[in-house]
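Undergrad: First to last, the sequence lines map onto chains A and B. For the first sequence, the working numbering assigns the number 1 to the initial residue and increments by one for each residue that follows. For the second sequence, the working numbering assigns the number 1 to the initial residue and increments by one for each residue that follows.
Think of the hints as simulated: they come from the structure by calculation, not from any bench. Don't take each hint at face value.
[As the list claims (entries may be wrong)] Calculated pairs, SDA-like style, for lysine to any residue (alpha carbon to alpha carbon, straight line, at most 25 angstroms):
hint : chain 1 : residue 1 : chain 2 : residue 2
1    : B       : K219      : A       : L15
2    : B       : K14       : B       : V50
3    : A       : K151      : B       : K219
4    : B       : K95       : B       : P131
5    : A       : K151      : B       : V50
6    : B       : K219      : A       : D149
7    : B       : K151      : A       : P112
8    : B       : K151      : B       : T10
9    : A       : K95       : A       : P214
10   : B       : K219      : A       : D132
11   : B       : K219      : A       : N213
12   : B       : K151      : A       : R222
13   : B       : K219      : A       : M33
14   : B       : K219      : A       : R174
15   : B       : K219      : A       : Y145
16   : A       : K151      : B       : I186
17   : B       : K219      : A       : E17
18   : B       : K219      : A       : P54
19   : A       : K151      : A       : R27
20   : B       : K151      : B       : K95
21   : A       : K14       : B       : T115
22   : B       : K95       : B       : D39
23   : A       : K151      : B       : K95
24   : B       : K151      : A       : A154
25   : B       : K219      : A       : P112
26   : B       : K219      : A       : G209
27   : B       : K14       : A       : D184
28   : B       : K219      : A       : S183
29   : A       : K14       : B       : P131
30   : B       : K219      : A       : F216
31   : B       : K219      : A       : L70
32   : B       : K219      : A       : K95
[To be verified] Just some of the chain A residues that point at chain B, by a computed CB distance under 8 angstroms:
hint : residue
33   : G51
34   : Q52
35   : P54
36   : S117
37   : K151
38   : A154
39   : H158
40   : V220
The beta-carbon is built from N, C-alpha and C at its ideal position, and this holds for glycine as well.
There are 2 protein chains.
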Amino acid sequence: MLGTGPVGQTMAAKLAELGHDVTVGTRSVADAMARSEPDTFGNPPFSEWVGQHPQVAVAALADAAAIGELVVNATNGAGSLEALEAAGEENLARKVLVDIANPLDFSQGMPPSLTVSNTDSLGEQIQRRFPDTRVVKTLNTANAYLMVDPKQLAGGDHTMFVSGNDPEAKATVRELLRQFGWSDIIDLGGISTARGSEMYLPLWLRIMGSIENPMFNIKVVR
Amino acid sequence: MLGTGPVGQTMAAKLAELGHDVTVGTRSVADAMARSEPDTFGNPPFSEWVGQHPQVAVAALADAAAIGELVVNATNGAGSLEALEAAGEENLARKVLVDIANPLDFSQGMPPSLTVSNTDSLGEQIQRRFPDTRVVKTLNTANAYLMVDPKQLAGGDHTMFVSGNDPEAKATVRELLRQFGWSDIIDLGGISTARGSEMYLPLWLRIMGSIENPMFNIKVVR
Numbered sequence: 001m002l003g004t005g006p007v008g009q010t011m012a013a014k015l016a017e018l019g020h021d022v023t024v025g026t027r028s029v030a031d032a033m034a035r036s037e038p039d040t041f042g043n044p045p046f047s048e049w050v051g052q053h054p055q056v057a058v059a060a061l062a063d064a065a066a067i068g069e070l071v072v073n074a075t076n077g078a079g080s081l082e083a084l085e086a087a088g089e090e091n092l093a094r095k096v097l098v099d100i101a102n103p104l105d106f107s108q109g110m111p112p113s114l115t116v117s118n119t120d121s122l123g124e125q126i127q128r129r130f131p132d133t134r135v136v137k138t139l140n141t142a143n144a145y146l147m148v149d150p151k152q153l154a155g156g157d158h159t160m161f162v163s164g165n166d167p168e169a170k171a172t173v174r175e176l177l178r179q180f181g182w183s184d185i186i187d188l189g190g191i192s193t194a195r196g197s198e199m200y201l202p203l204w205l206r207i208m209g210s211i212e213n214p215m216f217n218i219k220v221v222r
Numbered sequence: 001m002l003g004t005g006p007v008g009q010t011m012a013a014k015l016a017e018l019g020h021d022v023t024v025g026t027r028s029v030a031d032a033m034a035r036s037e038p039d040t041f042g043n044p045p046f047s048e049w050v051g052q053h054p055q056v057a058v059a060a061l062a063d064a065a066a067i068g069e070l071v072v073n074a075t076n077g078a079g080s081l082e083a084l085e086a087a088g089e090e091n092l093a094r095k096v097l098v099d100i101a102n103p104l105d106f107s108q109g110m111p112p113s114l115t116v117s118n119t120d121s122l123g124e125q126i127q128r129r130f131p132d133t134r135v136v137k138t139l140n141t142a143n144a145y146l147m148v149d150p151k152q153l154a155g156g157d158h159t160m161f162v163s164g165n166d167p168e169a170k171a172t173v174r175e176l177l178r179q180f181g182w183s184d185i186i187d188l189g190g191i192s193t194a195r196g197s198e199m200y201l202p203l204w205l206r207i208m209g210s211i212e213n214p215m216f217n218i219k220v221v222r
């Protein structure tokens, strides 16, 4: 699990609960564990979460990527390419990389815009930069708590999307999604279709602003 | 109804069926009526549709805009600003303009990208250019047949969005949506929230490509 934020924490805890061996990767283990203040969103410090999850290991990005059979990109979208560079191209080669990040740009205030969109996407940028890695974009369209436990909302009667160039990698990720509780999974196609799920974020943000609750998702009624 | 394409035709016919007096506006009535070939998507020529809908009037853009109490922008998104210029700022002033267009850019092939997105939207461009008009963005997230008859899919159990700066104009449009059969209508906020519903189009296009059927819509499950 690359990324120590709330999304990475939530998914790492769920994967461990499901019986997977999980290592969380961070730029500097010492720095991440030394922080004792809540983050800018008021979440408790990472070290506190680590203390509560003794079954989850913590390592440098490159070590976590090297250990992982399957790697999850839960870093901030705006810094994902840099974090994946630190994880190391050879450590990521041939592996399934589940990209759950959104390329949010907070520099112009709230709600954020996207750092890449319309004729490109973060998923494609990652796939181009790491051509030997099998990138699958998914889960970026739902709140972290729903990502790993969709059945807590309407019994799971809503939709998740996957995008990626490698059918086998997508089958692996769909099985993981089923372990989380997802039943309606739409395969949008190759990794360029990540433009679709990433560009949904501006709508997600405004729906959240209107209903004042992040615990929602869309169901594709057909 | 500004626009003579399939979307304009479908909505004009429905409005007439509901008892509204409808005038369809086109750049040149003579040119529009003279065409006898199907359009590029294989739809029958406009003149044939006019013959089948004798209760709908046809006029030049400016005349249609001048007559209308409420004006619908169903022109191609890429040409909407130019069409609205032809409709005339004074003819649109103080009126509710229901903007159902999407700024689709087909110049790079299929699926189309957007001509404006991320930090701006077509809805905002129109509102800026016509500050005395009350622009409400809606209906752009669904196929034309569902727009005007949502109950044909899952009894109408799916969601429509509205965006606009004028609460009274949005109330008028919500009433129109209810006449069509919409019951779950989310007010996203001011016209800048049109970025959300317009940027959903790339996802809509890829869902359609995957399920191979345009008769779907999203339900916001919350």
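Undergrad: So, against the hints stated earlier in the document, which numbers end up violated here?
TA: Failing hints, ascending: 1, 5, 7, 9, 10, 13, 17, 18, 19, 20, 21, 22, 23, 27, 29, 31, 32, 33, 34, 35, 37.
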